[in-house]
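Working from the sequences, and respecting the hints, build out all of it.
From first to last, the protein sequence lines are chains G and P.
The opening residue of the first sequence carries number 1 in this note's numbering; numbering runs sequentially from there.
The opening residue of the second sequence carries number 1001 in this note's numbering; numbering runs sequentially from there.
Among the hints, erroneous ones may be present.
One-sided excerpt, in silico: chain G residues whose CB lies under 7 Å from chain P [unchecked claim]:
(1) 30
(2) 31
(3) 35
(4) 56
(5) 66
(6) 73
(7) 77
(8) 119
(9) 277
(10) 278
FYI, nobody ran anything at the bench for these hints, they're computed from the structure.
What you are looking at is a predicted structure, and each value in this text was computed from that prediction instead of being measured.
Ideal placement from N, C-alpha and C gives every residue a C-beta, glycine not left out.
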Amino acid sequence: MSSASSYVDLSISIGKIFLKNPVMLASGTAGFGFEFAEIFDISQIGGIATKTITSEPREGNPPPRIFETPSGMINSIGLANPGIDKFMEEIAPRLKNLPTRIILSVGGTSIDDFKYIVETVSEISSVDAIELNLSCPNVKEGGIHFGRSAETISRLLSELRLITEKPLWAKLSPQVTDIVELGTAAADSGADAIVVINTLPAMAIDIETKKPRLGAITGGLSGNAIHPVAVSMIYALHSAVDIPIIGVGGISSTEDAIELMLAGATALQIGSSAFADTNLPLKIIDGIGKYCRRQRFSSAREIVGAVEI
Amino acid sequence: MPFEIEGIVLGNRYAGNNTVWISIFAPQIARTSLPGQFVMVEAVGKFLRRPISIASVSGGRIFLLIRIVGDGTRIIASVRRNEKLKILGPLGNGFPENVQNPILVGGGIGIAPLIFASQRMKENGENFVAIYGERTADDIIWGDFLPENVQICTDDGSAGFRGTTVDLLKKQNPAPIFACGPQPMLKAISEIAYKWNVPAYILLEERMACGFGVCQGCVIKTKNGYRRVCTDGPVFAATEIYENTR
Ligand SMILES: Cc1cc2nc3c(=O)[nH]c(=O)nc-3n(C[C@H](O)[C@H](O)[C@H](O)COP(=O)(O)OP(=O)(O)OC[C@H]3O[C@@H](n4cnc5c(N)ncnc54)[C@H](O)[C@@H]3O)c2cc1C
Ligand SMILES: Cc1cc2nc3c(=O)[nH]c(=O)nc-3n(C[C@H](O)[C@H](O)[C@H](O)COP(=O)(O)O)c2cc1C
Ligand code: FES
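The following block contains the structure:
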């Protein structure tokens, strides 16, 4: 039951793209969207970030690939994906059947590799934005993540900006000493948005067998445990950059979502918490509307950065 | 197509050996499930759901046979009547439907999906042999829950045939096999199927995060590379997994 006075505008814009609401699914936790589309009407969410695609097919890491922790999980999937050729042939043509915004995540091993893949996927008309997974090792620089060096981020973004019209979202790695320096580098070099945070490095050991719990030994932590880290990084970035921030990290309730928006996130991505309840994104969209009514906000945009210090 | 539901628990009965038989009102899932398929079940307070085979369906209810092996299964097993559980299912590929008169082999809690398989075969008027093995008589699930005419075996002979499910299988007339249980058992069964020149279909387990194919977390090595247990399985042809099998 909605009267004119209780209407809340949930729509938001990220640069030139318009989302009907701020809630998206995070990269690597929603495949390419087809499975979620079987479970609920995905036209109800703001968008979906796809699994990261690389130029070569990647088989991924040896199992076990997941381990549950007291308030989250560690994964070592290893960017398993079919590679760009198979993606373009078999998956890209089907993306147009998904009635939501498609944010295509891509990864590379060098600046040239990123250029090749960004150029290739820019042809896909149903892709609304390209998300750069900067937690990929830069093979030419000794395997250090792209996201760890402000200089590399600047060079990468500047070069990519010249070859694509699509919005470029820079997904930063949280494994850094100063997230603001890296976010500023991305913003100043042409990124349309910053996505934070990716998983944090983590490891677990079985004390009886004395063996690591994961086949790849270490992995990335996600879920409730990393939420406060996301809040602090988004808060720090919000006052430093003037492009939109997409908040990711441990969103498992409306409260978690609102907290990231108050800290400065314009939009949100829900990752591993949707495994335990695939309806979570819909519940959060509903919850954001209710929060706005309670706070007498007429638009979800009013929440962004509204933390009172 | 899986359904995300909040299923009301209609009953929770002890079934012997740290194992419970839970019935849940889940009409959409009950209507569409096939033997070998599973559901992801909420373990309240845990970050991830747990994969559990559908052990039977009746009317709008699904039944789960759950053995307590850790925190998650302990939480699920302690659920009470009228409580709600977030459940996603049915998931994965069940046993093939075009196989005639198979032998069903369940090792330990691996009997769960085969109870459902035997129920369907009985409904279809098919003949089947069912074998169920545990270590000792004390470990055996109570008879009410087991397939009719099941042949029981124990390692120490304290109940039924003395020996493993594999030993008991060797005594049967050759027929296609549906099996679920520990990996070494599945491997040995696949070798028998090879000798018999019959197909074997095995239900594999791996830790899962999503259960519906999006995370790539549940892969196992097959002859065709890594495959997801949740959506490419959990039932695989033995030939896809083991060498020297057909
Ligand atoms: C397709 C499928 C169907 C299943 N059907 C049933 C069923 O009908 N009834 C039933 O009781 N159990 C079933 N299981 C196994 C059940 O999912 C695990 O026992 C459960 O996830 C363990 O959770 P836990 O928190 O209690 O144990 P944990 O504390 O996580 O682990 C306890 C022990 O169980 C092992 N384990 C954990 N997760 C799994 C897993 N997914 N598969 C195999 N071993 C695991 C661990 O290595 C450890 O040794 C099934 C598993 C799969 C993959
Ligand atoms: C199983 C799994 C796979 C992931 N794969 C990717 C990936 O391919 N690319 C990427 O940028 N992030 C990936 N992530 C990170 C998520 O997109 C997200 O940044 C992180 O999980 C934090 O959000 P959450 O706590 O809501 O899960 C993955 C996370 C998980 C749990
Ligand atoms: S558990 Fe996520 S893909 Fe199988």
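Here's how the hints hold up against the structure:
{"no.": "1", "hint": "30", "in the structure": "holds (5 Å)"}
{"no.": "2", "hint": "31", "in the structure": "holds (4 Å)"}
{"no.": "3", "hint": "35", "in the structure": "holds (5 Å)"}
{"no.": "4", "hint": "56", "in the structure": "violated (14 Å)"}
{"no.": "5", "hint": "66", "in the structure": "holds (4 Å)"}
{"no.": "6", "hint": "73", "in the structure": "holds (6 Å)"}
{"no.": "7", "hint": "77", "in the structure": "holds (5 Å)"}
{"no.": "8", "hint": "119", "in the structure": "violated (26 Å)"}
{"no.": "9", "hint": "277", "in the structure": "holds (5 Å)"}
{"no.": "10", "hint": "278", "in the structure": "holds (5 Å)"}
The structure is inconsistent with the numbered hints 4 and 8, although it conforms to all the rest.
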